[in-house]
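Each chain, letter by letter, is given below.
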Amino acid sequence: MGSLARAPYRPGMTGTTSGSRLHLPSYLREDDSLRTPVGFPGYRSTALRAPLRTPVDLPQRLTEITGPVLGEDRVKPEDADLTLRNGGEAVGQRILVFGRVLDSNGRPVPDALVEVWQANAAGRYRHVVDNWPAPLDPHFDGLGRVVTDSLGRYEFMTIKPGAYPWGNHHNAWRPAHIHFSLFGRAFTQRLVTQMYFPDDPLFSQDPIYNAIPAAARPRTISRYSLERTQDNWALAFEWDIVLRGADQTPFETDDDGDVA
Amino acid sequence: MSGPIVNPLDVPPDPTVPFQPKSGQRGTGFLTGPFQIGATPSATVGPYLAIGLTWADGIFAAEEGTPGAFWIRGQVFDGAGNVVPDAMVETWQADPDGGFPSPEDPRGAASYPGFRGYARAQTITGEFAIHTLKPGPLPDGEGGLQAPHIDVSVFARGILDRVVTRIYFADETEANAADVVLDTVPADRRDTLLATRDGDGYRFDVYLQGERETVFFAV
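Chains F and S, in that order, are what the protein sequence lines are. Residue numbering for the first sequence is 3 to 262, as defined by our numbering. Residue numbering for the second sequence is 3 to 221, as defined by our numbering.
Derived by calculation from the structure, the hints in this document are not laboratory data. All of these numbers come straight from a predicted model, not from anything done at the bench. Beta carbons are placed, not taken as given, at the ideal position from N, Cα and C, and that holds for glycine. Hints are not guaranteed to be accurate.
Stated by the list, open to error - Derived Cβ-Cβ restraints for the label pairs, each shown as a range: (1) F:P215 - S:P115: 41 to 51 Å; (2) F:T231 - S:D12: 47 to 57 Å; (3) F:L138 - S:I39: 38 to 48 Å.
Unchecked claim - Under 7 Å between C-beta atoms, here's a sample of chain S residues computed to sit facing chain F: (4) T42; (5) A45; (6) Y114; (7) R159; (8) G160; (9) I161; (10) V217.
Let the sequences and hints guide you as you build the complete structure.
Here is the structure:
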């Protein structure tokens with residue numbers, strides 16, 4: 003079930019024990035003005051699914067500040083190249099997607115599992131529910147998995163996903179995007195999100211993009227990277243993902259010199 | 003700017019106290035304030051999560067055949083009372099001794115035979131099922147104990163940020179009565195957090211909306 007021998011990620015304020023008292027880190031929660039709300043009126047599916055009552059505050063204790071160790075044993079090297087599946091090459095614009103996984107204190111998150119999924123170049127998912135008239139690609143299944151290195155870096159090769167219609171409103175099209183799923187090291191750090199591409203003309207009419215508060219929307223858009231673009235092979239897009247970091251507020255000292 | 007500007011390189015030969023900048027504010031020239039970068043905002047998993055998030059062993063927080071293991075099954079309901087068939091439920095919990103297979107536990111990472119602590123299950127069949135062990139009681143950090151519980155995240159199309167709840171066990175009456183988290187939940191909604199005995203394990207249904215809306219937590 004995976005080795006636990008690796009050094010723990012240090013969220014900044016490391017938990018310690020002293021007697022019966024536990025000193026636990028507390029992960030910062032982004033201000034509501036910069037967080038995606040659970041529901042959004044323009045996104046129709048939220049109407050019956052997004053909970054309506056105010057959530058109850060849960061103090062972060064052991065279950066919240068720990069998390070599963072999921073890494074190399076879940077990932078094969080070929081999982082980082084979505085362009086080569088079923089013995090052939092996927093159709094589409096080849097792109098390298100790369101970046102770092104950090105916490106909000108700027109610390110890299112190493113050995114972190116990153117799962118991605120996406121539509122093919124024509125904008126169709128290999129999924130029974132997706133049956134709009136765009137072609138499937140026998141050499142593209144849209145699934146990728148990578149683990150961040152010791153500096154929190156990740157990268158994978160794929161094709162640029164196409165936009166697709168989705169029936170939320172008249173002539174609704176999702177901007178091209180790649181789904182990302184990350185664990186970090188603590189239950190509180192879990193994140194599922196979507197990466198977009200720069201200057202997409204479809205942003206203005208997309209409620210999933212616009213549900214994000216305006217000030218935080220740029221955090222979901224990748225940057226074109228000329229430096230990493232591979233001559234005669236693939237364009238490159240850079241996207242850093244920031245998970246919640248530990249609260250760095252200085253803490254007081256107990257009489258016995260222990261941090262409280 | 004008020005007050006004298008201190009030259010940090012002007013170190014007296016025998017300082018009596020270590021130099022401390024007087025202000026943690028950015029712009030004073032000293033980076034003593036916490037450095038923060040903005041967290042990436044969440045987005046919905048959408049309807050095609052099965053492509054990216056399916057694992058052959060996903061539903062096993064405890065391996066098949068682990069002594070004492072059982073199933074927790076449940077359904078996820080929307081505000082119209084319909085079963086949600088494209089949700090994913092993830093669980094994270096302590097082992098029966100109250101340890102976590104996580105190096106982030108300040109008491110040290112625990113190892114319990116056959117136990118991963120984490121499971122993910124989709125609701126494609128209309129029902130999710132995870133195979134696990136009952137977690138042990140946990141110190142609450144303040145000298146008390148938390149009742150056995152499992153942290154749960156629910157993801158689905160139509161939910162833009164995961165929703166978090168906890169599974170407690172209806173047959174842990176005494177421990178539940180002393181649990182500080184349950185105590186913060188309105189008494190008439192507490193039973194939405196209780197898994198009940200059912201067949202080969204427990205049943206825990208999630209109501210995203212409605213009169214029986216499950217208690218969700220902000221973490």
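Going through the hints against the structure:
Separation of P215 (chain F) from P115 (chain S) is about 46 Å and conforms to the stated range, judged on CB atoms against 41 to 51 Å. A C-beta distance of roughly 49 Å is found between T231 (chain F) and D12 (chain S), which places it inside the suggested range of 47 to 57 Å. The supplied range of 38 to 48 Å is met by L138 (chain F) and I39 (chain S), whose beta-carbon atoms lie about 39 Å from each other. Residue-level restraint check for T42 (chain S) holds (minimum Cβ-Cβ distance to chain F is 5 Å; threshold 7 Å).
Residue-level restraint check for A45 (chain S) holds (minimum Cβ-Cβ distance to chain F is 4 Å; threshold 7 Å). Hint on Y114 (chain S) is violated. Least Cβ distance to chain F is approximately 10 Å, over the 7 Å limit. Residue-level restraint check for R159 (chain S) holds (minimum Cβ-Cβ distance to chain F is 5 Å; threshold 7 Å). Restraint check, G160 (chain S) versus chain F: the minimum CB separation of about 3 Å is within 7 Å; hint holds.
Given hint, I161 (chain S) at the interface with chain F, holds; its Cβ is 6 Å from that chain's nearest Cβ, closer than 7 Å. Interface restraint check for V217 (chain S): the shortest CB-CB distance to chain F comes to about 6 Å, inside 7 Å, so the restraint holds.
Of the numbered hints stated above, the single one contradicted by the structure is hint 6.
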